[in-house]
Amino acid sequence: AQKVTQAQTEISVVEKEDVTLDCVYETRDTTYYLFWYKQPPSGELVFLIRRNSFDEQNEISGRYSWNFQKSTSSFNFTITASQVVDSAVYFCALLKGTQGAQKLVFGQGTRLTINP
Amino acid sequence: DTAVSQTPKYLVTQMGNDKSIKCEQNLGHDTMYWYKQDSKKFLKIMFSYNNKELIINETVPNRFSPKSPDKAHLNLHINSLELGDSAVYFCASSQFGATGELFFGEGSRLTVL
Numbered sequence: 001a002q003k004v005t006q007a008q009t010e011i012s013v014v015e016k017e018d019v020t021l022d023c024v025y026e027t028r029d030t031t032y033y034l035f036w037y038k039q040p041p042s043g044e045l046v047f048l049i050r051r052n053s054f055d056e057q058n059e060i061s062g063r064y065s066w067n068f069q070k071s072t073s074s075f076n077f078t079i080t081a082s083q084v085v086d087s088a089v090y091f092c093a094l095l096k097g098t099q100g101a102q103k104l105v106f107g108q109g110t111r112l113t114i115n116p
Numbered sequence: 001d002t003a004v005s006q007t008p009k010y011l012v013t014q015m016g017n018d019k020s021i022k023c024e025q026n027l028g029h030d031t032m033y034w035y036k037q038d039s040k041k042f043l044k045i046m047f048s049y050n051n052k053e054l055i056i057n058e059t060v061p062n063r064f065s066p067k068s069p070d071k072a073h074l075n076l077h078i079n080s081l082e083l084g085d086s087a088v089y090f091c092a093s094s095q096f097g098a099t100g101e102l103f104f105g106e107g108s109r110l111t112v113l
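Quick mapping for you: the protein sequence lines, in order, are chains P and W. For what it's worth, our numbering labels the leading residue of the first sequence as 1, then goes sequentially. For what it's worth, our numbering labels the leading residue of the second sequence as 1, then goes sequentially.
Isolated chain P, as found in the complex (with noise of 0.2 Å):
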């Protein structure tokens, strides 16, 4: 069974704290893809990244960083010197299927709470 696993229902840090997402997959797949998205309080989904399996460099992209590690399964979200405008719900996500039959599995979902 695919599976995505967000054991963190809450986290709640202070403003320029680092805070790391945990993501945890499961899959039979030897190609797959993962994904990040963010909602803000606003309610849109906001895409952050995409990582296919074969690719396992870490990736970095302004105070965000992503560590993909396939031993683990996880696919983990830091971000760095974290900002209020950083509070929103985080999704990780697993793309499960076929070409033209594919749907995201999202995991929980982290509630992210940046106090000033």
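Keep in mind that the hints were calculated from the coordinates and are not lab data. Note that beta-carbon positions come from the ideal geometry of N, C-alpha and C, so glycine has one too. Misleading hints may appear alongside valid ones.
Said to hold, decoys possible - Computed from the model, here is a short list of chain P residues facing chain W with C-beta under 8 Å:
1) Arg50
2) Phe54
3) Val89
Claimed, not checked - Taking lysine-lysine and the DSS-like style, the derived pairs with C-alpha atoms no more than 30 Å apart in a straight line are:
4) W/Lys67 - P/Lys3
5) W/Lys36 - W/Lys67
6) W/Lys19 - P/Lys38
7) W/Lys9 - P/Lys38
8) P/Lys16 - W/Lys41
9) W/Lys40 - P/Lys3
10) W/Lys19 - P/Lys16
Claimed, not checked - Each pair of labels, with its calculated beta carbon distance range:
11) W/Thr2 - P/Glu15: 26 to 36 Å
12) W/Gln95 - P/Glu44: 19 to 29 Å
13) W/Asn17 - P/Ser71: 46 to 56 Å
14) W/Ser39 - P/Asn52: 24 to 34 Å
15) P/Gln57 - W/Asp38: 31 to 41 Å
16) P/Val85 - W/Lys44: 21 to 31 Å
17) W/Asn17 - P/Lys16: 27 to 37 Å
18) W/Met15 - P/Tyr64: 35 to 45 Å
19) P/Ile60 - W/Lys9: 40 to 50 Å
20) P/Thr20 - W/Gln95: 39 to 49 Å
21) W/Lys22 - P/Thr80: 33 to 43 Å
Take the given structure of chain P and dock chain W to it, following the hints.
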């Protein structure tokens, strides 16, 4: 110019009514989806269409009927609304064969009283 647009954004209705949510994308994608986000924020796929053809139907009750008049539009009609249908419904699109991101609409919040 909004890439994926849904209307209405908010919908409040009584149990037993029938309602529709419309979705349009101007990205030239040929695959569209409906996702449901429940009160606990859990997101789950309901349907996907590729070039007007139903591809995924994720054991959704028959009261939900998607309709795709063309590849740029995917509407969701819900009959005999129930309290449990209250949720945020997201439309999304992607390009067939691509393993890229899904582009989501802003969501339509349905409240059934």
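Verify the CB-CB distance for W/Met15 and P/Tyr64 against the hinted window 35 to 45 Å.
Taking Cβ atoms as reference, W/Met15 and P/Tyr64 lie about 43 Å apart, which means the hint holds.
That 26 to 36 Å hint for W/Thr2 and P/Glu15 (C-beta), does it hold up?
Check passed, 32 Å falls within 26 to 36 Å.
Is the hinted pair P/Lys16 and W/Lys41 satisfied, with a Cα-Cα distance of at most 30 Å?
It holds: about 26 Å lies between the C-alpha atoms, which stays within 30 Å.
Residue hint P/Val89, partner chain W, criterion CB-CB below 8 Å:
holds, 6 Å
Please work out if W/Lys67 and P/Lys3 have their alpha carbons no farther apart than 30 Å.
Holds: W/Lys67 and P/Lys3 sit about 29 Å apart, inside 30 Å.
Pair hint outcome, W/Lys9 versus P/Lys38 [Cα-Cα no greater than 30 Å]:
holds, 19 Å
Given the hint of 27 to 37 Å, is the C-beta distance from W/Asn17 to P/Lys16 inside that range or not?
violated, 49 Å
Distance restraint evaluation - W/Gln95, P/Glu44, Cβ atoms, bounds 19 to 29 Å
Cβ of W/Gln95 to Cβ of P/Glu44: about 20 Å, so the range 19 to 29 Å holds.
Classify the hint on P/Phe54 as holds or violated, based on whether any CB of chain W lies nearer than 8 Å to its CB.
violated, 12 Å
Are P/Val85 and W/Lys44 spaced within 21 to 31 Å by their CB atoms?
holds, 28 Å
Do P/Ile60 and W/Lys9 keep their Cβ atoms within the hinted range of 40 to 50 Å?
Given range 40 to 50 Å: violated, Cβ gap about 35 Å.
Holds or violated: W/Lys19 to P/Lys38, with C-alpha atoms at most 30 Å apart:
Holds, at about 29 Å.
Hint compliance for this structure: hints 2, 10, 17, 19, 20 are broken, all remaining hints hold.
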